[in-house]
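Top line first, the protein sequences correspond to chains A and B. Start counting the first sequence at 0; every next residue gets the next number (numbering that gives the first Met the number 0). Start counting the second sequence at 0; every next residue gets the next number (numbering that gives the first Met the number 0).
Just so you know, the hints here were simulated from the structure itself, not pulled from any lab data. Be careful, since some hints might not be right.
[Stated by the list, open to error] Using C-beta positions, here's what the derived DEER-type ranges look like: (1) ARG307/B with SER295/A: 48 to 56 angstroms; (2) ASN241/A with HIS64/B: 45 to 53 angstroms; (3) ALA237/B with ASP75/A: 49 to 57 angstroms; (4) LEU266/B with LYS103/A: 48 to 56 angstroms.
[To be verified] Pairs of lysine to aspartate or glutamate, EDC-like flavour, derived with a Cα cap of 16 angstroms: (5) LYS223/A with ASP278/B; (6) LYS47/B with GLU131/A; (7) LYS46/B with GLU207/A; (8) LYS198/B with ASP58/B; (9) LYS223/A with GLU236/A; (10) LYS223/A with GLU271/A; (11) LYS187/A with GLU154/A; (12) LYS204/A with ASP284/B; (13) LYS14/B with GLU237/A; (14) LYS47/B with GLU88/A; (15) LYS118/B with ASP278/B.
[Stated by the list, open to error] Derived coverage of chain B by chain A (criterion: at least 3 residues anywhere in the stretch with Cβ under 8 angstroms from a Cβ of chain A; other residues may be distant): (16) 11-18; (17) 139-152.
Every residue gets a Cβ at the ideal spot worked out from N, C-alpha and C, and that includes glycine.
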Amino acid sequence: MNADGKGMLLVGDNPFHGISHLSQEKARNRGMERSSAASADIVAAAMRSGADGFMFSVSDVTLPILKSLRERREVDQIKLYAIVPYAYEYVRIATQTGTPGLAKKIVKQIALSGDIGAVLGGIGAVFRMNRESLLKTYLAYEISRIKSSIWSKAELSSVLLHEVITDMSLALNFDWLFKSYISYLSKKEIIPGFNTRNFPFLVRKFKEWGLNMDELLVATQFNKAGFQMNPSREACEETLSNLSRPIVLAISVLAAGYFRPPEAAEYIATQEKLRGIVIGASSVEQAQETFGIFSSALSCRK
Amino acid sequence: MTENKIRVGVVGLGKMGLLHASLLNVFPEVELVALCEKSALTSRLFKKVFSGSEVHVVDDIAKFHGLDLDAIYVTTPISSHSSIIKQIYANHLARHVFTEKTLALSYNQSRELCDIVEKEGGVNMVGYMKRFSMVFGKARDILQTRELGELLGFKAYAYSSDFLGATKKSKSSASRGGALSDLGCHIIDLALWIFGRFKVRDVLSVARNGAGSETSVSFTAVNSNGLSGQFDISQSMADYRMPEFGLLAECAAGRIDVNDDRLCLTLRDGTLRKWYRHDLADCVDFSIGDPEYHRENSEFVHSVLNDRQCELSFENAAVVDYVIGEVRKRSGVQ
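Isolated chain A (complex conformation):
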């Protein structure tokens, strides 16, 4: 919940990356080329229309958007929800250079980042091949990238683990990864978050591992079509209703444009345990219309 008790409303970055989960055709048609200033206009318009913050994958596309917002001082206070890693770019590098090539690229990026703590931590972690230290080094690197792009009143509220890493780690029973991740971010007073396409499975595993979910954030699909809600919409809704605290941010609420905002908002209003929603917009006009509708829907929830 946000300060006035209504659900949180965040701007998503999918349109800025040229992503449409409804169809790639649609994403191409609406155009991939958009300046960071034009994207910042959309974020600013959404903030003026009731959004509380911005959820973004940490990438060369989104960091300039933050810089653009900072330079214009148009948005003063904004809560930031960062997703790491930007899996698309890493998969693309792995496709072009293989896994060892990807590892070398990440090491090089960290080495060139100028973040002394991350560099030293990284050298030690690689030398000892310590999995927890490697994870912390990587997170330190990503956090330093974000912080170098933001301004004093902008708050890095949460860092969320990308769904591919979250879901693979759940499947492979990497409880150590979740524990280290939560512990590291909590110490930095950043809410540990997880993006997943397997929400009921995540909750089951966290309970099995004895992880307290109350202070975490989970971003997962919630929409009327049950799109990407695995294993089913009913199972996801039931898991949500059984949570003791509202920790879930709904993503894909428009099912990637399958629903018009009023229809999607009607469904969201029935999910009272949602902490908030994340929604993307492709233009300033769309941001004003969409965020206006969802702002009302979240206020009207039972």
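Assemble chain B onto chain A, guided by the hints.
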């Protein structure tokens, strides 16, 4: 097999190896026993990552010996598929084999593997996961009911931006088998599955990178009934953030236009019907990447458990390698 659980090993810990290992580990009927990665650094890293678990991480497939594996997944680069699969059967490392596409680097290698599995038995499968897409499956169902009348012709495409802007010196496309083996194989397999077998007629154009590997290919094909089709395959298309595969089938009473995301059916009277993934019950028990991967693994696992051959057997997948070989032969590349 222990307590009706299949004991599985995975060779190759690139993105596909990790994806399959993860998905398999969620199946209650599967026990992930061992992983193999020959790169010393990666192997050492994964030993640490998996420490505390019961999964063995080894750097040589020979070390799978004695682990009593029922099935092995081969997810290494295409160039190594043939030698690894031969090693699995020669040393009886497992009875059942799943390999990522393509089956082998050439049709000759594929035939050799088909001969081996015919002798050795067991379940064998190649990972053409697009067959497990709900939209492509729906398109095939519609065409098979013949409600659109006689099939008159088709077009097929596979586009990605994977190597757009890659340097001319890059050998990565070649190591992945070039555009035909890396990307085009999926659409060739889908066309074979939906339209039946065909022969390559003409190669219209080929573009290659500095390493001599094809990055774009266009060719025509024809089947024994005279049905003709055209294929366009490119790994250097602008604005294809994710690889995209599509088919356009012209029929006497209408047309079908299908890609990874949606299916459009247009009747001659102008009636249009459209299905998105959303409309086709696309959820699975556990999803990473696309739900197709879960269904693909489910098909293999249940084929092993029920001792039945998969439709996507080595024998059927070898046909894709045959088509790729024919295109290369006609374009002067072997």
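Status of the hints after comparison with the structure:
1. A hinted range of 48 to 56 angstroms holds for the C-beta pair ARG307/B and SER295/A, which are about 55 angstroms apart.
2. The given range of 45 to 53 angstroms is respected by ASN241/A and HIS64/B, whose C-beta atoms sit roughly 47 angstroms from each other.
3. For ALA237/B and ASP75/A, the hinted distance range of 49 to 57 angstroms is not satisfied, since their beta carbons lie about 38 angstroms from each other.
4. Our hint of 48 to 56 angstroms for LEU266/B and LYS103/A holds, since their Cβ atoms are close to 54 angstroms apart.
5. Proximity of LYS223/A to ASP278/B is assessed by CA-CA distance (about 12 angstroms); at most 16 angstroms being required, the pair is judged to hold.
6. With a C-alpha separation of about 10 angstroms, the suggested pairing of LYS47/B with GLU131/A holds against the 16 angstroms cut-off.
7. At most 16 angstroms may separate the alpha-carbon atoms for a hinted pair to count; LYS46/B and GLU207/A exceed this at roughly 24 angstroms.
8. Taking the CA atoms of LYS198/B and ASP58/B, the gap is near 41 angstroms; set against the 16 angstroms cutoff, the hint is violated.
9. At roughly 11 angstroms between alpha-carbon atoms, LYS223/A and GLU236/A fall within 16 angstroms of each other, so this suggested pair holds.
10. Restraint check for LYS223/A and GLU271/A: the C-alpha separation of about 14 angstroms stays at or below 16 angstroms, so the hint holds.
11. At roughly 12 angstroms between alpha-carbon atoms, LYS187/A and GLU154/A fall within 16 angstroms of each other, so this suggested pair holds.
12. Taken as a hint, the LYS204/A and ASP284/B pair is honoured in the structure, with Cα atoms around 15 angstroms apart against an allowance of 16 angstroms.
13. With a C-alpha separation of about 32 angstroms, the suggested pair LYS14/B and GLU237/A falls outside the 16 angstroms cut-off, and the hint is violated.
14. At roughly 25 angstroms between alpha-carbon atoms, LYS47/B and GLU88/A are farther apart than 16 angstroms, so this suggested pair is violated.
15. A hinted pair counts as satisfied when its Cα atoms are at most 16 angstroms apart, and LYS118/B with ASP278/B does not qualify at roughly 43 angstroms.
16. Coverage of the segment 11-18 of chain B by chain A holds in this model, with 5 residues showing a Cβ closer than 8 angstroms to a Cβ of that chain against a need of three.
17. Interface restraint, the segment 139-152 of chain B with chain A: violated (0 residues with C-beta to C-beta distance below 8 angstroms; minimum three).
The earlier numbered hints that this structure contradicts are 3, 7, 8, 13, 14, 15, 17.
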